[in-house]
Amino acid sequence: MKVRDIVEALNLKVLSGESGLDKEVEGCYVSDLLSDVMGNADMGCLWVTLQTHKNVMAIASLKELAAVILVKGLDASEDTKEQSNEEGIPFLSTDAETFETAGKIYQLLNA
Amino acid sequence: MPEALHPYKADLHIHTVLSPCGDLEMSPTAIVKRALARGLDMIAISDHNTTRQVKVAQKIGRESGLFVLGGVEVTSQEEAHCLCYFADDAQLDAFQEFLDIHLPKIPNDEDRFGYQLIVDENEEIVGEEEYHLLNAIDVDIDGIYDEVHRIGGLFVPAHINKGTTSLTSQLGFVPPDLRADGLEINFRTTKSETIKKAAYLKRFSFITDSDAHFIDNVGDVYNVIYMAHRNFDEFRKALAGDDGRYIDTDFFREHKLPKII
Chain W
4 MKVRDIVEAL NLKVLSGESG LDKEVEGCYV SDLLSDVMGN ADMGCLWVTL QTHKNVMAIA
64 SLKELAAVIL VKGLDASEDT KEQSNEEGIP FLSTDAETFE TAGKIYQLLN A
Chain U
9 MPEALHPYKA DLHIHTVLSP CGDLEMSPTA IVKRALARGL DMIAISDHNT TRQVKVAQKI
69 GRESGLFVLG GVEVTSQEEA HCLCYFADDA QLDAFQEFLD IHLPKIPNDE DRFGYQLIVD
129 ENEEIVGEEE YHLLNAIDVD IDGIYDEVHR IGGLFVPAHI NKGTTSLTSQ LGFVPPDLRA
189 DGLEINFRTT KSETIKKAAY LKRFSFITDS DAHFIDNVGD VYNVIYMAHR NFDEFRKALA
249 GDDGRYIDTD FFREHKLPKI I
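From first to last, the protein sequence lines are chains W and U. Start counting the first sequence at 4; every next residue gets the next number (our numbering). Start counting the second sequence at 9; every next residue gets the next number (our numbering).
Chain W with its partners taken away, still in its complex shape (with noise of 0.2 Å):
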């Protein structure tokens, strides 16, 4: 599955780094600390969560993550939306809380 696919089937909002949505999804991470994400999430897993700040992106790239997911309406700061586009790492946003989310994300992957 592709993180196009999951922007199509969750109807998410694409904020930026769109160069990166034909990406494979190996699996999901939930955590809004950075430090365990860094820790514990895998390469090409999609990454939810509700921190916004610039760290966020920097993440991401290190760990070589599919996409991030910002939840319930959060959007990222122009600087963090630059960088990903420049790396082709996405940057989604749902209306939706946590849970939602990644229930979806969970039958998706599992299907």
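Simulated from the structure, these hints should not be mistaken for lab results. Remember, it's a predicted structure, so these values are computed and weren't measured experimentally. Glycine residues also receive a C-beta, built at the ideal position from the N, C-alpha and C atoms. Treat each hint with caution, since some may be false.
Said to hold, decoys possible - Under the rule of at most 20 Å between Cα atoms (straight-line distance), these lysine to aspartate or glutamate pairs were calculated in the DMTMM-like manner:
hint: 1; chain 1: W; residue 1: 57; chain 2: U; residue 2: 146
hint: 2; chain 1: W; residue 1: 84; chain 2: U; residue 2: 148
hint: 3; chain 1: W; residue 1: 57; chain 2: W; residue 2: 78
hint: 4; chain 1: U; residue 1: 63; chain 2: U; residue 2: 128
hint: 5; chain 1: W; residue 1: 57; chain 2: U; residue 2: 148
hint: 6; chain 1: W; residue 1: 107; chain 2: W; residue 2: 29
hint: 7; chain 1: W; residue 1: 57; chain 2: U; residue 2: 185
hint: 8; chain 1: W; residue 1: 84; chain 2: U; residue 2: 129
hint: 9; chain 1: W; residue 1: 57; chain 2: U; residue 2: 128
hint: 10; chain 1: U; residue 1: 67; chain 2: U; residue 2: 129
As the list claims (entries may be wrong) - Not close to chain U: a few residues of chain W, all C-beta gaps over 12 Å, as computed:
hint: 11; residue: 8
hint: 12; residue: 26
hint: 13; residue: 46
hint: 14; residue: 53
hint: 15; residue: 76
hint: 16; residue: 88
hint: 17; residue: 100
Using the hints provided, position chain U relative to the given structure of chain W.
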């Protein structure tokens, strides 16, 4: 001729009974008395998200020969704790106004979280904070820095090596382009260890403090600040490394202050 510098022992992160997690014994009177008894020259009062215990502590300090720096430990939107220090009452009032706007209006539950009491110099309860002080304010780290600097204060992210509620735990690492006047570490690491692991942090001044919530811990960790006088401007200069002023964060390890029984 440059002014002579003196070493001042300073513990710049102390909670009072106003912090829900602060022990009931932590009255400003008791803290000042203990700090002096252990040989400190300077402390900072830094309750969670409130400055309302600072002025009485400063009054007690003035009367008894301890310099009390006015401060607060703010919880940022990212839930990273940040120490903020202010020069005078006007700055404290301005920042308190900011906190009152940005702290969520969620009442404190004393049974679960602890009391949030304001006491006077006679240790009489004169008020309390209604809203729970451990919540995050709705302003991010950069926004807090901007407000602190607009007012004229100093911004120092707290215990950056801590596994919870620190820049490192919340954001994975200290942002390389962080704007701050210094960084605080707790006793679990040293400045040289920190810089060895993250060389890009050597541009910052460091402080180290007790983060005392109980009276016996006041002064367990302290800085030795080399400056000309004990005042806010001298402390600012020490953080900036101006005119030869500097802060020694290692001295306390080999020179523990006497315990007070």
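Results for each hint:
1. W:57 x U:146: Given pair residue 57 of chain W, residue 146 of chain U holds - Cα atoms ~17 Å apart, limit 20 Å.
2. W:84 x U:148: Judged against 20 Å, a Cα distance of about 18 Å means the pair holds.
3. W:57 x W:78: The hint holds at about 11 Å.
4. U:63 x U:128: holds, 10 Å
5. W:57 x U:148: Satisfied, since the Cα-Cα distance of roughly 11 Å is no more than 20 Å.
6. W:107 x W:29: Since the Cα atoms of residue 107 of chain W and residue 29 of chain W sit roughly 15 Å apart, the hinted pair holds (cutoff 20 Å).
7. W:57 x U:185: Holds, at roughly 11 Å.
8. W:84 x U:129: violated, 52 Å
9. W:57 x U:128: violated, 43 Å
10. U:67 x U:129: Judged against 20 Å, a Cα distance of about 8 Å means the pair holds.
11. 8: Residue 8 of chain W is indeed farther than 12 Å from all Cβ atoms of chain U, at 28 Å.
12. 26: holds, 21 Å
13. 46: Check passes; 16 Å lies beyond 12 Å.
14. 53: Non-interface label fails for residue 53 of chain W: nearest chain U Cβ at 10 Å, not farther than 12 Å.
15. 76: At about 15 Å from chain U, residue 76 of chain W clears the 12 Å cut-off, so the statement holds.
16. 88: Per Cβ check, residue 88 of chain W is outside 12 Å of chain U; nearest 19 Å; holds.
17. 100: At roughly 17 Å from the nearest Cβ of chain U, residue 100 of chain W sits farther out than 12 Å, so the non-interface label holds.
Hint violations for this structure: numbers 8, 9, 14, all remaining hints satisfied.
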